[in-house]
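J.: Residues per chain, in single letters:
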Amino acid sequence: AQKITQTQPGMFVQEKEAVTLDCTYDTSDPSYGLFWYKQPSSGEMIFLIYQGSYDQQNATEGRYSLNFQKARKSANLVISASQLGDSAMYFCAMREGRGETSGSRLTFGEGTQLTVNP
Amino acid sequence: KAGVTQTPRYLIKTRGQQVTLSCSPISGHRSVSWYQQTPGQGLQFLFEYFSETQRNKGNFPGRFSGRQFSNSRSEMNVSTLELGDSALYLCASSFVRQGAYNEQFFGPGTRLTVL
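From first to last, the protein sequence lines are chains A and B.
Okay, so the first sequence: first residue is 1 according to the numbering used here, each after it adds one.
Okay, so the second sequence: first residue is 1001 according to the numbering used here, each after it adds one.
In case anyone wonders, no lab produced these hints; they're calculated from the structure.
A quick note: this is a predicted structure, and the numbers were derived from the prediction, not measured.
For each residue, glycine too, the CB sits at the ideal point set by N, CA and C.
It cannot be assumed that every hint is accurate.
A short, non-exhaustive set of chain A residues, derived as facing chain B with CB atoms under 8 Å [stated by the list, open to error]:
no. : residue
1   : D26
2   : F35
3   : S104
4   : R105
5   : E110
Far from chain A, some chain B residues (derived; all Cβ distances over 12 Å) [unchecked claim]:
no. : residue
6   : S1022
7   : S1070
8   : T1080
Quick look at which bits of chain B chain A covers, simulated, 3 or more residues with Cβ under 8 Å [what the hints assert, rightly or not]:
no. : region
9   : 1010 to 1019
10  : 1086 to 1095
11  : 1104 to 1114
Throw the hints in and build the complete structure from the sequences for me.
T.: This is the structure in structure tokens:
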């Protein structure tokens, strides 16, 4: 069963505007972590932001914030003030369990290709 | 601190051959995971090694194997290559400590082409 769903294959945004990339997940484990990665055309995966299942507040990292709605099982990434360099593929990923005991295995969504227009 | 390094970056092989890919994690990281990325299947987990032991394994045939050395460097091997093994192979390392979210840091990947 698909555990991470990203329903937007492609998104377009104007430079300096905000954009939201959608991610829904499915798990029966009460302990899990949600990650967002950026993959430019070079191929390297760049870690952006993390949200733990027990975190009370939404995670933020600079221009990135995570809109975590636990009851809806969604973890949308919000990028504020988009820049041309933000054009890339974005992946949502989940790790079930606590990383130090259950391992670091990530399940990825299919990704969203973001294009920032000048 | 140096990032995750992978060698080689590009590789061309023919069907039936075998290949070995190498990954050096960030200094101090003891967990190394491998992923395969293809246009059709997306990103799929291969296996994870922690302190020289395989801790998790994805749903791949036995042709895919790996190991980790005492310095945490890891290798993955694919035997009897098939056309469908053409992919970007990504290695990721993680520190793994209690109470933290243990994010994985990825290397630049090895792009394998099987002819």
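J.: Work down the list of hints and note, for each, if the structure agrees.
T.: Hints and how they fare:
no., hint, result
1, D26, "violated, 16 Å"
2, F35, "holds, 7 Å"
3, S104, "holds, 5 Å"
4, R105, "holds, 5 Å"
5, E110, "holds, 5 Å"
6, S1022, "holds, 16 Å"
7, S1070, "holds, 19 Å"
8, T1080, "holds, 25 Å"
9, 1010 to 1019, "violated (count 0)"
10, 1086 to 1095, "holds (count 4)"
11, 1104 to 1114, "holds (count 7)"
Checked against the numbered hints above, the structure violates hints 1 and 9; every other hint is satisfied.
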